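Participant: Residue numbers (the working numbering), protein chains in the order written: chain A, 1 to 246; chain B, 1 to 254.
Calculated from the structure, these hints are not laboratory results.
Hints are not guaranteed to be accurate.
Partner residues aside, some chain A positions facing chain B, computed with beta carbon under 10 Å [what the hints assert, rightly or not]:
| id | residue |
| --- | --- |
| 1 | P77 |
| 2 | A81 |
| 3 | Y134 |
To spell it out: a stretch of chain A is covered by chain B in this simulated footprint if at least three of its residues, at any positions, have a beta carbon under 8 Å from a beta carbon of chain B; those stretches are [claimed, not checked]:
| id | region |
| --- | --- |
| 4 | 41-55 |
| 5 | 85-95 |
| 6 | 105-118 |
Residues from chain B that keep clear of chain A, each with C-beta distances beyond 10 Å, as calculated [unchecked claim]:
| id | residue |
| --- | --- |
| 7 | R3 |
| 8 | L4 |
| 9 | G31 |
| 10 | G55 |
| 11 | A89 |
| 12 | T91 |
| 13 | L93 |
| 14 | L182 |
| 15 | S200 |
| 16 | A243 |
Every value quoted in this text rests on a predicted model; they were computed, and no experiment measured them.
Ideal Cβ positions, reconstructed from N, Cα and C, are used throughout, including at glycine.
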Amino acid sequence: MGDDAGQIVISGLTKRFGGVTAVDGLSFSAAPGSVTGFLGPNGAGKTTTLRMLAGLVAPDAGTATISGRTYAALESPGRKAGVVLEAAGFHPARTGRNHLRVYCTACGYPLRRADEVLETCGLAAAGRQKVRGYSLGMRQRLALATALLGDPAALILDEPANGLDPEGIAWLRGLLRDYARAGRTVLYSSHVLPEVEQLADQVVIMHRGRLVRRGTLAELTGGRGGLEQVFLSLTAGSGRPGGGPS
Amino acid sequence: MTRLIAAEFRKLLTTRLWLWLLLTSLAWTAGYCALAIAVDNRPGGPGPALSGAAGQHALFAIGAGGAGPLAAILAAAGTAGEFRHRTAAATFLAEPRRARVITAKLIVYLLAGAAYALACVAVSLAVALPWLAARGTPVSLAAHGNLAVLGAVIISVALFGITGAGLGALLGSEVITIAGLLLYLYVAEPLLSRISALGSWTAYLPGVAADGLTQASQAGVRLLPPWQGGLVFAAWAVVIACAGAAVTARRDIT
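Could you put together the complete structure from these sequences and hints?
Facilitator: So, in structure tokens, the structure goes:
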């Protein structure tokens, strides 16, 4: 790995869906060894940004790179970035363990990685059940387990705490914190502001497709009030209630 | 590439759809062959006598060849199902070069189609050979070009696999792909191929070309000779597969 291993750089990123500009000239970066909280109201463009970073949505302008390259140009992408986009994306009739083994095979990892990440994510007992029977929290854990298969240098997570119970949220917080302490990059979106206050080294706030503020927690709050106050004042006025891909 | 092909096989074999569709194919083959033999030589029977070449060709081509549409459904579920179940994101995260993923799927569903066809050929022989021999209508694989028909059936069903995978990738919806496939093969194409104004052009339609390849005779439908039908059907399969790969490469996975 080079010096920029795990470094995430978003530069002038823009995406339009039909006449709607979902992401509009967005730029920020996330450094190895830190946790970046990615905030914004529904419809702000967070998910579209993360999907462009993961190479699933093509930007209309700008670039999004991981370790200096676009996702599609990475060698062994699963080792450079682990991505969780939603607690969905499983065939209901496939077991969690088989889901993981499919992606072990596709990436060339040994099959035992499937059992290791099941263990890490607290799914060892549920691994041989079909995903159809999983709760939302279990699906979220399975999505995270899939992202962890390649032991990646960066984690890119879209609302990973969604559907987790309090024990799961505490577990996730520990996992992300350990990940950053190990010198890796964590970029995650969330609506749970107290959670972000506990965990994030840097906060990026998006509104209506644009960056409205980025900085450390102390820089954003300036010692006055909490993150929630800052967030609500920056994103005042309706976002896009119920509108479009977020 | 080997990894991707292995991963697609793992996907295919870790749910049960392949088994249900295989059992349906085998049941169709056994049922069709049994019916054709039971009504053979009866007055007003549906097809040519099974003692002749045409009757034997139809027996194998329609009996074992019935696996084609089911192999196409399996393949369509394998490509379009990635969008239905939203597994496409994980699949393209593991291999962002999407054309390689589609190529792996085409290879896997070509092989799955060939395997379906082999199983159906075995069932058609298991039903027809002893039964017809017992009736005093011996059937030899070496005679009447029967072996060539069975070979054509395997190629045809394998091409159906490619066509279904390509169509699923092209349309991106499992329901629309499968419904469209069945409506086209069983409603639109039989109607089109009986419009006399279209003349011999209907022989170039994909399903009719596939019938030409296996010489699955339908009364009143003009077929191409086997090698031409095979080339035309293969051309359709390749064009549809390339279109599916091209569309998938540009599709936003939202």
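Participant: Now tell me, hint by hint, if it's right for this structure.
Facilitator: Verification of the supplied hints:
Taking 10 Å as the C-beta contact cut-off toward chain B, the hint placing P77(A) at the interface holds, the least distance being around 6 Å. For A81(A), the suggested interface contact is upheld, since its CB lies about 8 Å from the closest CB of chain B, less than 10 Å. With 10 Å as the threshold, the beta carbon of Y134(A) stays out of range of chain B, its nearest partner Cβ sitting at about 13 Å, so the hint is violated. Check result for the region 41-55 of chain A against chain B: holds, 4 residues qualifying (beta carbon to beta carbon below 8 Å, three or more required).
Counting residues of the region 85-95 of chain A whose CB falls under 8 Å from any CB of chain B gives 10; the rule of at least 3 is met. Under the rule that three or more residues need a Cβ within less than 8 Å of chain B, the assignment of the region 105-118 of chain A holds, with 4 such residues. R3(B), annotated as away from the interface, has a beta carbon of chain A within 10 Å; the closest lies near 5 Å. The beta carbon of L4(B) is not kept farther than 10 Å from every beta carbon of chain A, the shortest such distance being approximately 6 Å.
No Cβ of chain A comes within 10 Å of the Cβ of G31(B); the nearest lies about 27 Å off, and the non-interface call holds. Taking the minimum C-beta to C-beta distance to chain A, about 42 Å, the non-interface status of G55(B) holds against the 10 Å cut. At roughly 5 Å, the least C-beta separation between A89(B) and chain A is not larger than 10 Å, which violates its mark as non-interface. Here T91(B) does not stay apart from chain A, with its beta-carbon only about 7 Å from theirs, under the 10 Å limit.
Under the 10 Å C-beta cut-off, the non-interface status given to L93(B) relative to chain A is violated; the minimum distance is some 5 Å. Here L182(B) stays apart from chain A, with its beta-carbon at least about 22 Å from theirs, past the 10 Å limit. Under the 10 Å C-beta cut-off, the non-interface status given to S200(B) relative to chain A holds; the minimum distance is some 44 Å. At roughly 19 Å, the least C-beta separation between A243(B) and chain A is larger than 10 Å, which holds for a residue marked as non-interface.
When held up to the earlier numbered hints, the structure conflicts with 3, 7, 8, 11, 12, 13 and fits the remainder.
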